[in-house]
Amino acid sequence: MSTLTLRINGNTRTTDVDPETPLLWVLRDSLGMPGTKYGCGMALCGACTVHVDGEPVRACSTPASAVVGKDITTIEGLATSPTELHPLQRAWIEHDVPQCGYCQAGQLMSAAALLARTPKPTDADIDAAMAGNICRCGTYQRIRAAIHSAAGQLAQEKSK
Amino acid sequence: MSARANPAAGADEVLRELMRDIELGAAATPLRARKLDRRTFMQLTGLAGGGLLLGFHIGDAQAAIAPAADFVPNAFLRISPKGSILIYSKGPEIGQGIKTAFPLIIAEELDARWSDVVVEQAPVNPAVYGRQSAGGSRSIPDSWDQLRQAGAVARMMLLGAAAAAWKVPVDQCTTRDSAVWNGKRSVKYGALVAKASAQPVPDPVTVKLKQRSEYRLLGKWYTGVDNHKVVTGAPLFGIDQSLPGLKCAVYEKCPATGGKVRSANLEQIKKLPGVRDAFVIEGNGKPTEVMPGVAIIADTTWAAFQARKQLRVEWDESGASKDSWKGIVERATQLGKHPTGEKTTISTGDTAAALAGAAKTVTAFYSYPFVSHAPLEPQNCTAWAHDGMVEFWAPTQTADRALQTAAGALGVPVERIKINQTRVGGGFGRRLMNDYVCEAGAIAQRAGIPVKLIWTREQDMAHDFYRPGGFHSLAGGLDADGKLVAWRNHFITFSTDGTNPVSGGNMPEQEFPAHNLPNYLLTQTMLPLATPCGPWRAPRSCSVAWVIQGFLHELAVAGGRDHRDFLLEIMGERRLLPGGLDTGRAADVIRLATEKAGWGGKLPAGHGLGLAFHFSHAGHFAEVAEVSVDQDKRIRLHRVVVAGDIGPIVNMSGAMNQGEGAVIDGFSTMLGLEVTMEGGRVEQSNFHQYPILRMPHHPKVEVHFIQSDNPPTGVGEPALPPVAPAICNAIFAATGQRVRTLPLSKEGFSV
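Just so you know, the protein sequences line up as chains U and V, in that order. For the first sequence, this note's numbering assigns the number 1 to the initial residue and increments by one for each residue that follows. For the second sequence, this note's numbering assigns the number 161 to the initial residue and increments by one for each residue that follows.
Some hints could be false.
As the list claims (entries may be wrong) - Using 20 Å as the maximum straight-line C-alpha spacing, the simulated EDC-like pairs for lysine to aspartate or glutamate come out as follows: (1) V:Lys389 x U:Asp125; (2) V:Lys469 x U:Glu20; (3) V:Lys860 x U:Asp18; (4) V:Lys380 x U:Glu94; (5) V:Lys860 x U:Asp127; (6) V:Lys431 x U:Glu94; (7) V:Lys389 x U:Glu94.
Stated by the list, open to error - One-sided and incomplete, this derived list gives chain V residues near chain U with beta-carbon spacing under 8 Å: (8) His388; (9) Gly393; (10) Phe397; (11) Asp400; (12) Pro404; (13) Gly405; (14) Gly501; (15) Thr616; (16) Arg617; (17) His675; (18) Asn676; (19) Asn817; (20) Glu820; (21) His858; (22) Val861.
No wet-lab data here; the hints were simulated from the structure. It should be emphasised that the depicted structure is a prediction, and the values quoted were computed from it without experimental measurement. Positions of the beta carbon are idealized from the N, C-alpha and C atoms, including for glycine.
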């Protein structure tokens, strides 16, 4: 066990864990942030996607010790404030994307990383950025539509 | 292996009863006659006012502090003096959108403004709520009248209260937008709560319900009531539950069903970092409850998972499954050479003579594999044995049945079992069984502390109740006009007890096209099996529709017929067939799907259209797929058009989402998913060996509904079965290659 200090959603959090513990379980079990989901444990399904220094990372296969000193963003920190959702979150609600909803935190985090580097993604950009995220319910068509609609909204907000 | 020694036989028996309940809607019937009055409700729950909900959901303070001054006409509704309308959704939300659909039905009859409505999950109490399960696409049809009555009763009381206050006859008052109106004056529901509470409770079966033309809410597009929580990562799911002092548990069972623990390195495991305890549970030998295994309790999930990797168990496999998929395929292929099987399910006319005298005959052998449910949220359950009771936080599809099942498995009276329903991260039929609930209870009883049992993905794939594979040896005969006159199917399926087919591996006598043809013979042969099977999204239909609708297309092609015309001819006159298929509704959706897909029109070079129809779960669905295939057998599924008739639609967004998801699930499954067993062990362990379809390969899906005046039925399942045959028929149209084995990857196809 060792004491790790992590910067998560702008806050500094300290926890005593085995440094090899994947970030996923530190978030879920040690820090009480269960928004990031366990799906496969092998970086195959993307349900555990978080941002590390802005890049999408599979938290189930990332040792917590590897992200010390980096900026971690989870689904709980995607919105600017509880009342001001990220444009993707608004689009997800507007398009009624979720079915069971279990994968959607990971889908949103992958999509947010995509829009941060490619503000107006093509369908091919979406395919490439989202291929690591499984939706067992099959909401891909709505995820795609919601990403396009959020991108449009971001462009509008920028041009104001 | 004898039936008695086969644990999977016990599971099949339980599942037969479960499916009977589901298909008959039997669990719902007692309530329909029950009065939903407030007094009965209070008597049944033994609680009043806000007390009802205390502690039912971890951290749910809002419900618990609801003041007793509210208008609570029945267990489904609570209107506060401020005008907020709290509606309890009684059934499990598994991704089918029921937590939005149920309250919409109540709100419609209540004439509530949807923005005034707040939705909470109801406590699990079948004595009050009746059926609290999600399966068989029965939630809407079984609850429709009950929910409408719950809303209409409340509306009548509010109307009566306002009329009395205004001293005008009730029939001069109307309701809309959460208010009672009399001419131009109006009073909001919130202002009526005290007076409405004093109104007599009308008999729910006598209240007038709306006609479809009077609907203000139903049929429109609504976003899910929990979507804000979903997109912000709120702790909704079973796996997200937390309690003070909660520890994490894993439970290791024999990879071959039926194996028992001979010994395990428990002392070594107990010394591992973060591990609190490790012990053997003998279980009761029922795959639907508690099979033998080793429990490890640790401080964190990761510590438990790590300890599991060090766990060494010597299994006694004398009574365990030895199933081999390779062996099954060999045996079934031999059996398929026989035109008929051991047992005749239905025989109409003289099929042998009709085939002998047919102008043209076609024969074919179809096979499909076992598949896993693989919901993205692995099986899990939180349990706590305290104060003489066992309390659960369970992501289950059958919260009501879980009470009885857990009570039986744990030896606790059912009154001492409490189930809290959580959101469910995918059902697909897997969570109709409550094995993980019973396991969590058994571990919690022994541990004496609250524990959260989490299955690893590998365990989830190794211990499923699989959709059974199957084999069909078919012959069909056409007359000189290309009309289908005879159909013979030797269905090779499985049995765990030697008498009954496995769950999801049956083929009833009313299965289409049994009652559409003058000569029809369905026989079956059952191979022994020890692998547990269970209902998988549209059980039976999810596999046999592919066979039936693919072979029909083969016959249409052989007869030189247009597939659409051929199918419509088989449907014939508008009539209701045994089993519920309405040939008129079938023809209507076939016409709609083909029309929307541009059937008979010009297609881009290399593209093919494929059509299929299937009736299941009271839903009539026709689908058309547009496919192209390149030289490397890479498939592009360009578009799937879905046309369905499930009566009136409750939430258009939810219904369309189910249609879209069913198409993608169906394509995903037929394309590359297969579970194989050797030595009784499932060979696939995680998503690298079970490649669920991903974003780059989903088709464009268009969903159309015929909103008939028939009673509303469910939409979680019936859109799935036509997908696979429509796609295979389209592959044939595009390439001339007939697919008779699934998954497509086995035939060399990819995306």
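How the hints compare with the structure:
{"no.": "1", "hint": "V:Lys389 x U:Asp125", "result": "violated, 28 Å"}
{"no.": "2", "hint": "V:Lys469 x U:Glu20", "result": "holds, 15 Å"}
{"no.": "3", "hint": "V:Lys860 x U:Asp18", "result": "violated, 46 Å"}
{"no.": "4", "hint": "V:Lys380 x U:Glu94", "result": "holds, 14 Å"}
{"no.": "5", "hint": "V:Lys860 x U:Asp127", "result": "holds, 14 Å"}
{"no.": "6", "hint": "V:Lys431 x U:Glu94", "result": "violated, 51 Å"}
{"no.": "7", "hint": "V:Lys389 x U:Glu94", "result": "holds, 14 Å"}
{"no.": "8", "hint": "His388", "result": "holds, 6 Å"}
{"no.": "9", "hint": "Gly393", "result": "holds, 2 Å"}
{"no.": "10", "hint": "Phe397", "result": "holds, 6 Å"}
{"no.": "11", "hint": "Asp400", "result": "holds, 4 Å"}
{"no.": "12", "hint": "Pro404", "result": "violated, 12 Å"}
{"no.": "13", "hint": "Gly405", "result": "violated, 13 Å"}
{"no.": "14", "hint": "Gly501", "result": "violated, 35 Å"}
{"no.": "15", "hint": "Thr616", "result": "holds, 6 Å"}
{"no.": "16", "hint": "Arg617", "result": "holds, 5 Å"}
{"no.": "17", "hint": "His675", "result": "violated, 33 Å"}
{"no.": "18", "hint": "Asn676", "result": "violated, 31 Å"}
{"no.": "19", "hint": "Asn817", "result": "holds, 6 Å"}
{"no.": "20", "hint": "Glu820", "result": "holds, 5 Å"}
{"no.": "21", "hint": "His858", "result": "holds, 4 Å"}
{"no.": "22", "hint": "Val861", "result": "holds, 6 Å"}
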